[in-house]
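J.: Residue numbers (my numbering), protein chains in the order written: chain X, 1 to 401; chain P, 1 to 453.
It is worth saying that the hints were derived from the structure and are not from the lab. Errors might be hidden in some of the hints.
[To be verified] Restraint-style ranges between C-beta atoms, simulated for each label pair:
id : chain 1 : residue 1 : chain 2 : residue 2 : range
1  : P       : Asp148    : X       : Asp114    : 28 to 36 angstroms
2  : X       : Asn269    : P       : Gly237    : 26 to 34 angstroms
3  : X       : Asp252    : P       : Ala380    : 27 to 35 angstroms
4  : X       : Asp240    : P       : Val405    : 36 to 44 angstroms
5  : X       : Asp240    : P       : Pro238    : 51 to 59 angstroms
6  : P       : Val352    : X       : Asp114    : 45 to 53 angstroms
7  : X       : Pro345    : P       : Arg182    : 20 to 28 angstroms
8  : P       : Pro265    : X       : Gly92     : 22 to 30 angstroms
9  : P       : Asp50     : X       : Ala275    : 29 to 37 angstroms
10 : P       : Glu72     : X       : Arg355    : 49 to 57 angstroms
11 : P       : Ala380    : X       : Gly390    : 48 to 56 angstroms
For clarity, every value in this text was computed on a predicted model and none was experimentally measured. C-beta: ideal position from N, C-alpha, C; glycine also.
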Amino acid sequence: MDRRLFLQALTGTACSLAAHPLMTTVTLAASDGSAPLGDHRLVVVILRGGMDGLDLVRPSGDPLLAGYRPTLSAPQGPDLTGYFSLNPMLAGLLPLWQAGQLGFVHATSTPYRDHRSHFDGQDILEAGTGLDLPDSTVRDGWLNRMLQSVPGLRSQTAFAIGADSAPVLQGPAPVSNWQPDVRLDLSPQSRLLLDHIYHDDALFREAATEAVTLTERMDLARMGGAVQPTVDKGRLAETDRLTDFAAQRLRDDTRIAAFSLNGWDTHRNQSGGSALPLQRLERVVLRLADQLGPQVWDKTLLLAMTEFGRTVAENGTKGTDHGTGGAMLMAGGALRGGRVMGRWPGLDEAALYQRRDLMPTSDVRAWAAWAMRGMYGFDRTLLESSIFPGLVMGSDPGLLA
Amino acid sequence: MTQDKTTAAFRFGYGLPLPDQAPAEPASMLAALRGPDVMAATYPGPRLADLNDTLARADTLLQTWRRAEAAEARVARQDYRQAIAQLEGVTLLAAKTTIARALDAPDGFRERLVQFWADHFTTVARARRDSPLPATLVEEAIRPHLTDRFADMLKAVIQHPAMLRYLDQSRSIGPRSRIGKRQNKGLNENLARELLELHTVGSGYAQDDVTQMAELLTGLTVGKSGTTFDARRAEPGPETILGTTYAGDKLEPVLKALDDLAEHPATAAHLARKLAVHFVADQPNPDLVQALTDAWRSSGGDLLAVAESLLTHPAAWSRIQEKARQPFDFTVAALRALGLDGADVMRMADDVFRQLILQPMAAMGQPWQRAPGPDGWPEAAEVWITPEAMAVRITWAMEMPQQLVTPLPDPAALMTRSLGSHLGERLAWAVPRSESAREAVGLVLASPEFNRR
Numbered sequence: 001m002d003r004r005l006f007l008q009a010l011t012g013t014a015c016s017l018a019a020h021p022l023m024t025t026v027t028l029a030a031s032d033g034s035a036p037l038g039d040h041r042l043v044v045v046i047l048r049g050g051m052d053g054l055d056l057v058r059p060s061g062d063p064l065l066a067g068y069r070p071t072l073s074a075p076q077g078p079d080l081t082g083y084f085s086l087n088p089m090l091a092g093l094l095p096l097w098q099a100g101q102l103g104f105v106h107a108t109s110t111p112y113r114d115h116r117s118h119f120d121g122q123d124i125l126e127a128g129t130g131l132d133l134p135d136s137t138v139r140d141g142w143l144n145r146m147l148q149s150v151p152g153l154r155s156q157t158a159f160a161i162g163a164d165s166a167p168v169l170q171g172p173a174p175v176s177n178w179q180p181d182v183r184l185d186l187s188p189q190s191r192l193l194l195d196h197i198y199h200d201d202a203l204f205r206e207a208a209t210e211a212v213t214l215t216e217r218m219d220l221a222r223m224g225g226a227v228q229p230t231v232d233k234g235r236l237a238e239t240d241r242l243t244d245f246a247a248q249r250l251r252d253d254t255r256i257a258a259f260s261l262n263g264w265d266t267h268r269n270q271s272g273g274s275a276l277p278l279q280r281l282e283r284v285v286l287r288l289a290d291q292l293g294p295q296v297w298d299k300t301l302l303l304a305m306t307e308f309g310r311t312v313a314e315n316g317t318k319g320t321d322h323g324t325g326g327a328m329l330m331a332g333g334a335l336r337g338g339r340v341m342g343r344w345p346g347l348d349e350a351a352l353y354q355r356r357d358l359m360p361t362s363d364v365r366a367w368a369a370w371a372m373r374g375m376y377g378f379d380r381t382l383l384e385s386s387i388f389p390g391l392v393m394g395s396d397p398g399l400l401a
Numbered sequence: 001m002t003q004d005k006t007t008a009a010f011r012f013g014y015g016l017p018l019p020d021q022a023p024a025e026p027a028s029m030l031a032a033l034r035g036p037d038v039m040a041a042t043y044p045g046p047r048l049a050d051l052n053d054t055l056a057r058a059d060t061l062l063q064t065w066r067r068a069e070a071a072e073a074r075v076a077r078q079d080y081r082q083a084i085a086q087l088e089g090v091t092l093l094a095a096k097t098t099i100a101r102a103l104d105a106p107d108g109f110r111e112r113l114v115q116f117w118a119d120h121f122t123t124v125a126r127a128r129r130d131s132p133l134p135a136t137l138v139e140e141a142i143r144p145h146l147t148d149r150f151a152d153m154l155k156a157v158i159q160h161p162a163m164l165r166y167l168d169q170s171r172s173i174g175p176r177s178r179i180g181k182r183q184n185k186g187l188n189e190n191l192a193r194e195l196l197e198l199h200t201v202g203s204g205y206a207q208d209d210v211t212q213m214a215e216l217l218t219g220l221t222v223g224k225s226g227t228t229f230d231a232r233r234a235e236p237g238p239e240t241i242l243g244t245t246y247a248g249d250k251l252e253p254v255l256k257a258l259d260d261l262a263e264h265p266a267t268a269a270h271l272a273r274k275l276a277v278h279f280v281a282d283q284p285n286p287d288l289v290q291a292l293t294d295a296w297r298s299s300g301g302d303l304l305a306v307a308e309s310l311l312t313h314p315a316a317w318s319r320i321q322e323k324a325r326q327p328f329d330f331t332v333a334a335l336r337a338l339g340l341d342g343a344d345v346m347r348m349a350d351d352v353f354r355q356l357i358l359q360p361m362a363a364m365g366q367p368w369q370r371a372p373g374p375d376g377w378p379e380a381a382e383v384w385i386t387p388e389a390m391a392v393r394i395t396w397a398m399e400m401p402q403q404l405v406t407p408l409p410d411p412a413a414l415m416t417r418s419l420g421s422h423l424g425e426r427l428a429w430a431v432p433r434s435e436s437a438r439e440a441v442g443l444v445l446a447s448p449e450f451n452r453r
């Protein structure tokens, strides 16, 4: 939840509240001095709400598209492959595509089927389990399971900022959470007494200890009194702030960053409603490339994934409802891009999943697994058993440049 | 079974000290719940009927602003902003009202139930004009039905404009209906899906049920003076949901389907567990869940019978504080501990109220009436007790009391009256060792026993 929009709403300075929460979390995992993760940087962006893959990368070469999506397919975007074209809102990414630093996977999804619930879908995406319902015994996320498998990680190796902690990085491996604009200012005596009263309650003890130590370590604007809401200048300001924060850490010793971009649940008036989330996505990619600089960007792979795609046909309110197969965006200097990957199932009604959704032809987890294998050399058995239980990775798509 | 006052206040109310003559054991708590809703009369809440004129005016002005020539548009823009300010003022007043009621209510359990159901039926304003709508839904569709059948509350909520607008029902049109064919418009299944997944059965339905539910709901929409059923938008033909067929393009079959969903056995199990999780523990006692499920099923979803089953179950009186107080609960409990009452909050200047109460609540992770989605706020303690949120809670505890109360209350007295039998040895040891009253009060309000329930 983005509190700035809310605060501005109450103080009467907000733009539209339809511009819903943008970012929830940035999660960062750093290597210690011995650099067990090497030089590669992995950035995972969870697109919450069900990103419409068919609108992101459009099969414009198929005459059926205009029939399914009379409103959505109307404004033409730049051509990518002669068959697929890019959403016009993302035209700014074209140079990356041409440089081979942008690619897509089409018709991919988690193993989640049929219920089309955001809440279960996101749980499965983040938990990375092979079940099609959330497995309550696998409570930690796949990134965390990956961290646990890296030897030599010490406490505070990973930390996160944001309004909630992201399940992708939750679990027994050491993770801490922080939002950059809240600061705690305490006298030494109060600190000692707080330590004392939290001693027997692990939940409070750990949260409070991290709150105190992290604030001291970070060079952040002080809060006056209690809470000083950041004044949002423009709708992309917060996206920029968090991207910059992540980039700064990634230039340093952070190797993995994960965060969410919200606002993809476009049930109505999608061409209007998806403009801001698309702008944010484009901005994150471009700004990250810019802020990281060529040397680090060359070692970086960004994966943007979502809980499910949306219906192939527009609904009655110029939007789309929850579907199944979707798309994934990849970017970075480490990527062998300029491709739309994945087997394309086609749009014939008989080729659709339940005659309604794009048929998934790959498991979104397999792409993440190949990325992790390529970047950090993870053992295939480890990936298919403990990080993504039950996954069959299939053949190597050769993601890295 | 032992029922102590501290547990009653923490688990089923907004904390200690309890207001005068507040009931603290099951029979009298239930009697109070059956009795008159005193707080609704003391601090009246917003009614949509009183806002319809302003909403209509705002909509007309917005049209004029967009379409008219420059001079006329300028005037319209000014008037539009005034109308929006008026509507947002209602929202702010409603927030104060909710806190005032929670502070003064002799029956805190009623206020807690209102919050539970308001969260179960979460709505969020999707445009500035809609800002007071969530509060009107709570006032009109939830509060009056706390002791009725669940079906009554469900029908009131699903027909309320706040819900119809939030989950897009007001835009959904049967593709083969008269308007659908003429304007080439169609379904939006947002409300239909959440009605099944979140509001009622929770599982055991398929995509077909969602689509059929969406078709059945067509016709239900929001007009100028509120909710209407417009047969010209209704998808013709019967719809089958969870094996039952509903025929007729009018409101009655919709209401019949809502009745059936409310009484479905899966709804009983879903909501029994949700109540136990919310009030007692994130991993609730299975016996308690079963007792609630049984009470729900045997009474046909009579919410009073369910409340009685909750209050009289031994597991509901466990002394262990397993849950975290959510930021709203924390804030109310802190104001109560500091000795503020409802009148103090109602008197508070708007900017002070925002700065001392609403903004910190948002920073603790719970912006007022802006839950992240239709599934409402999460329950797990770990979600609320994060480093970030603790930093805000601790800072609030240390800094805000002195801005709310001068002079600060005696810390030792505040500690005993606000914690009762939950007061632990570590806190009792630490409070007298603080360097100042400010920090001592801060320790009490930041303590685990105050932040849990």
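J.: Next step is simple, just say for each hint if it's right about the structure.
T.: Here's how the hints hold up against the structure:
1. Asp148/P / Asp114/X: 28 to 36 angstroms: With a Cβ separation near 34 angstroms, Asp148/P and Asp114/X satisfy 28 to 36 angstroms, so the hint holds.
2. Asn269/X / Gly237/P: 26 to 34 angstroms: holds (27 angstroms)
3. Asp252/X / Ala380/P: 27 to 35 angstroms: Given range 27 to 35 angstroms: holds, Cβ gap about 32 angstroms.
4. Asp240/X / Val405/P: 36 to 44 angstroms: Between Asp240/X and Val405/P, where Cβ atoms are some 40 angstroms apart, the hint holds.
5. Asp240/X / Pro238/P: 51 to 59 angstroms: Since the Cβ atoms of Asp240/X and Pro238/P sit about 53 angstroms apart, the hinted range of 51 to 59 angstroms holds.
6. Val352/P / Asp114/X: 45 to 53 angstroms: holds (51 angstroms)
7. Pro345/X / Arg182/P: 20 to 28 angstroms: violated (35 angstroms)
8. Pro265/P / Gly92/X: 22 to 30 angstroms: violated (53 angstroms)
9. Asp50/P / Ala275/X: 29 to 37 angstroms: holds (35 angstroms)
10. Glu72/P / Arg355/X: 49 to 57 angstroms: holds (51 angstroms)
11. Ala380/P / Gly390/X: 48 to 56 angstroms: violated (26 angstroms)
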